[in-house]
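Asker: Read off the chains here:
Number of protein chains: 2
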Amino acid sequence: MRSIAEALESGSLQQVARILNGGLSPSDIAHLLESSPPNERKLLWQLVDDELDGEVLQYLSDEIRSDFLSEMNAQDVIEIAEDFEVDDLADLLQQLPEAVIQEVLETMDAQDRQRLEEVLAYPEDSAGGLMNTDMITVRPDITVDVVLRYLRSHKSLPNMTDSLLVVNRKDDFIGVLPVTTLLVSSLSSTVREIMRTDVEPIPATVSDKEVATLFERHDLVSAPVVNDKGKLVGRITIDDVVDVIRENADHEILSMAGLDEEEDMFAPIMKTAKSRAVWLGINLITAFLASAVIGIFEATIAKVVALAVLMPIVASMGGIAGSQALTLVIRGMATGKVSSNNIRWLMNREFLVGAFNGVLWAFVVATAAMVWFNDVTIGVLIASAMLINLTVAAIAGTALPLILKTLKIDPALAGGVILTTVTDVVGFMSFLGLATIAYA
Amino acid sequence: MRSIAEALESGSLQQVARILNGGLSPSDIAHLLESSPPNERKLLWQLVDDELDGEVLQYLSDEIRSDFLSEMNAQDVIEIAEDFEVDDLADLLQQLPEAVIQEVLETMDAQDRQRLEEVLAYPEDSAGGLMNTDMITVRPDITVDVVLRYLRSHKSLPNMTDSLLVVNRKDDFIGVLPVTTLLVSSLSSTVREIMRTDVEPIPATVSDKEVATLFERHDLVSAPVVNDKGKLVGRITIDDVVDVIRENADHEILSMAGLDEEEDMFAPIMKTAKSRAVWLGINLITAFLASAVIGIFEATIAKVVALAVLMPIVASMGGIAGSQALTLVIRGMATGKVSSNNIRWLMNREFLVGAFNGVLWAFVVATAAMVWFNDVTIGVLIASAMLINLTVAAIAGTALPLILKTLKIDPALAGGVILTTVTDVVGFMSFLGLATIAYA
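Respectively, the protein sequence lines represent chains A and B. Going by the UniProt record's numbering, the first sequence opens with residue 1, and the numbers climb by one from there. Going by the UniProt record's numbering, the second sequence opens with residue 1, and the numbers climb by one from there.
The set of hints was computed from the structure by calculation and includes no laboratory data. It cannot be assumed that every hint is accurate.
Since the list can't tell identical chains apart, any single copy or any two copies may satisfy a pair.
Calculated lysine-lysine pairs in the BS3-like style (CA-CA distance at most 25 Å, straight line) [what the hints assert, rightly or not]:
#1 Lys-405 / Lys-337
#2 Lys-405 / Lys-231
#3 Lys-42 / Lys-337
#4 Lys-209 / Lys-170
#5 Lys-337 / Lys-271
This structure is a prediction, so every number in the text was calculated from the model and none was measured.
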């Protein structure tokens with residue numbers, strides 16, 4: 001990276017081109033492009049050899065890829081498309097205008113087109129959308145010797161062929177023959193004798209999240225995919241699953257701050273500013289809601305100004321405690337550890353943990369407040385408010401993700417905003433409300 | 001899971017045992033144990049067949065595993081240890097008391113012990129700690145035919161053998177022979193003719209995060225590991241890397257809320273409450289700091305109580321905007337997209353985005369405030385404070401992760417706390433400070 005940076009600064013484009021196309025792998029080039037400011041990025045893209053264009057495109061994030069694609073004419077796209085495997089081609093096509101898709105499809109031979117249409121038939125984030133139709137199938141009655149000769153007749157095998165898929169004449173999925181088993185078996189054994197029938201094929205409609213969990217739980221490298229009639233339609237390989245795991249992790253982390261995981265770090269400023277503005281706007285509304293609650297008790301604050309000094313403590317501590325429960329449950333739901341089976345137990349536990357900390361910190365804060373303002377009442381008030389808010393926070397934090405999920409709202413995105421609104425409103429209302437009664 | 005829940009309720013332990021040991025894979029059993037409340041968990045663990053104990057232990061999270069291990073005597077541990085592969089055994093041992101480790105080591109044969117000690121020599125979170133010493137090596141001068149016969153002489157091959165490792169007589173790493181290449185090559189070709197020499201072996205001291213990035217970037221299924229002298233010492237397989245990716249994602253997500261990713265969701269309440277208390281305590285100190293700032297301007301608030309109603313808006317909006325920049329940079333650093341090369345560019349960009357939104361929302365909030373309180377001054381004040389705070393937030397959010405990383409503090413853990421302290425203090429100080437001047 002440093003040598004490229006230096007070469008760019010020195011202005012020697014030939015040198016940059018040499019470094020780019022000489023030793024870097026397509027995924028390294030893509031990474032470099034993604035980490036470069038727009039001007040440099042455009043320049044570097046021009047310098048990448050046409051031959052590598054296709055592979056580099058596969059590794060780029062959706063946003064940057066569609067930027068580049070929109071500047072290419074249909075002919076260039078078709079040339080690139082020839083090098084793609086079916087599952088990657090399906091992803092690529094979904095970002096192109098309809099007319100170009102049609103042109104690309106027309107140039108493909110019938111078999112490739114059929115495979116492609118099979119993959120396109122499924123949603124992008126399902127097993128069918130992830131799968132590749134490129135695989136080696138064998139019949140159960142042939143011998144290991146024949147299988148080995150068959151394989152030897154190929155110029156190369158599909159990527160990540162860690163097992164051969166066993167089907168019958170009608171393409172029904174029967175079992176899996178791991179390559180490592182093949183290599184240690186005697187030449188006269190039949191496929192049927194050595195294959196595994198305990199492997200569950202993945203239905204094409206299963207979500208990509210579930211696929212990732214299955215791969216992770218059973219340490220898979222590849223898995224067969226079947227349609228609803230039990231016929232083998234493709235296989236998923238671990239590289240695509242790793243991408244899914246990364247994307248899901250990105251999504252969870254970035255959503256909590258209201259960011260989009262597809263966001264390009266070097267997009268034009270106006271574009272970024274606009275998408276951030278929406279999130280800020282929503283949060284502003286909830287902030288005004290909390291202020292409105294404070295506004296109800298303006299008279300009380302005018303009487304006892306110390307309330308204004310202390311009230312943010314009640315609100316923010318509720319937010320912190322609630323966020324812990326919320327984050328734990330959201331992550332637990334994403335990894336399959338939390339479900340309707342154990343959620344009630346979890347809520348009980350979070351309630352008790354919240355109550356314990358509520359009592360502890362209420363005591364600490366009350367003492368500090370009493371000493372600071374030389375006023376016992378205010379200490380009692382803030383203790384009560386803290387206790388109320390921390391317990392409400394624990395319950396809300398645990399309950400919200402499930403409620404949101406039932407309403408089909410993304411908990412990672414909406415959970416935080418709603419939670420802090422709840423803890424702010426409850427915090428201010430309990431503290432200032434009790435104060436109004438106490439100082440009446 | 002449902003059938004187990006029903007069987008447990010009906011009290012039929014035999015039925016539960018049958019379901020457990022009959023069809024579930026060890027990783028499914030581990031998942032079930034992790035999702036069960038403590039009493040059920042202990043019960044289920046008793047019911048798991050002794051034979052499966054070892055494999056189930058491998059899939060459990062560190063905390064739960066050490067709970068179970070602490071209740072087993074050395075003899076049981078030794079029996080279980082016999083089934084473990086070297087890299088998993090290294091993980092297991094690191095959780096046992098010294099005396100037990102010694103006993104286990106003594107029962108192992110010399111070769112296994114040496115391999116184990118090799119793995120234990122490296123930190124847990126490095127390539128050396130992740131690697132397995134179980135692999136197939138071949139010399140470059142033998143033919144494909146000989147290799148195939150050699151493989152056929154094994155009862156089974158190591159898990160995830162997707163390539164054979166080519167070494168010379170002195171165990172220097174020379175290259176990699178993918179199994180798929182082996183299967184399509186003519187029987188008379190030599191290993192040297194068909195092997196790949198463009199694969200970079202991973203130095204054993206590289207961090208597990210870097211290993212994950214390498215695997216992801218180059219779509220690897222396994223990779224050779226060398227020591228500092230270039231000798232082959234082991235290989236890493238994708239299943240361990242997927243675990244690393246998941247753990248790192250968990251860590252980032254949970255750290256931001258002050259949670260530990262090793263936390264057991266069903267740990268005893270007191271244990272959980274205590275660890276949460278520490279985080280709440282730290283946040284309480286920062287909350288008091290913000291309150292102290294408000295306290296400086298008590299007199300001003302007494303004069304204009306509307307300030308107390310509006311001040312949380314300035315503080316919270318700063319926190320929201322700052323969190324976006326912070327989250328983006330932290331995630332960017334974790335995935336290698338953000339580095340000292342592009343951080344200055346990024347900071348410029350976030351500053352401009354922050355300034356844009358600062359101006360926009362300052363205007364909106366000012367208008368709302370003016371209408372609400374029928375006071376132009378307060379509108380101008382809140383607009384100025386918003387502008388200041390949103391720009392400071394953008395800069396702080398971008399700069400903090402790098403600063404923390406240089407100080408060797410985990411940005412995911414400390415970044416949020418520090419950022420909200422900054423935005424609270426700056427928010428209150430600018431709003432109330434300007435107000436003091438305006439209403440003097």
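Asker: Determine which of the earlier numbered hints do not hold for this structure and return their numbers in increasing order.
Answerer: 2 and 4
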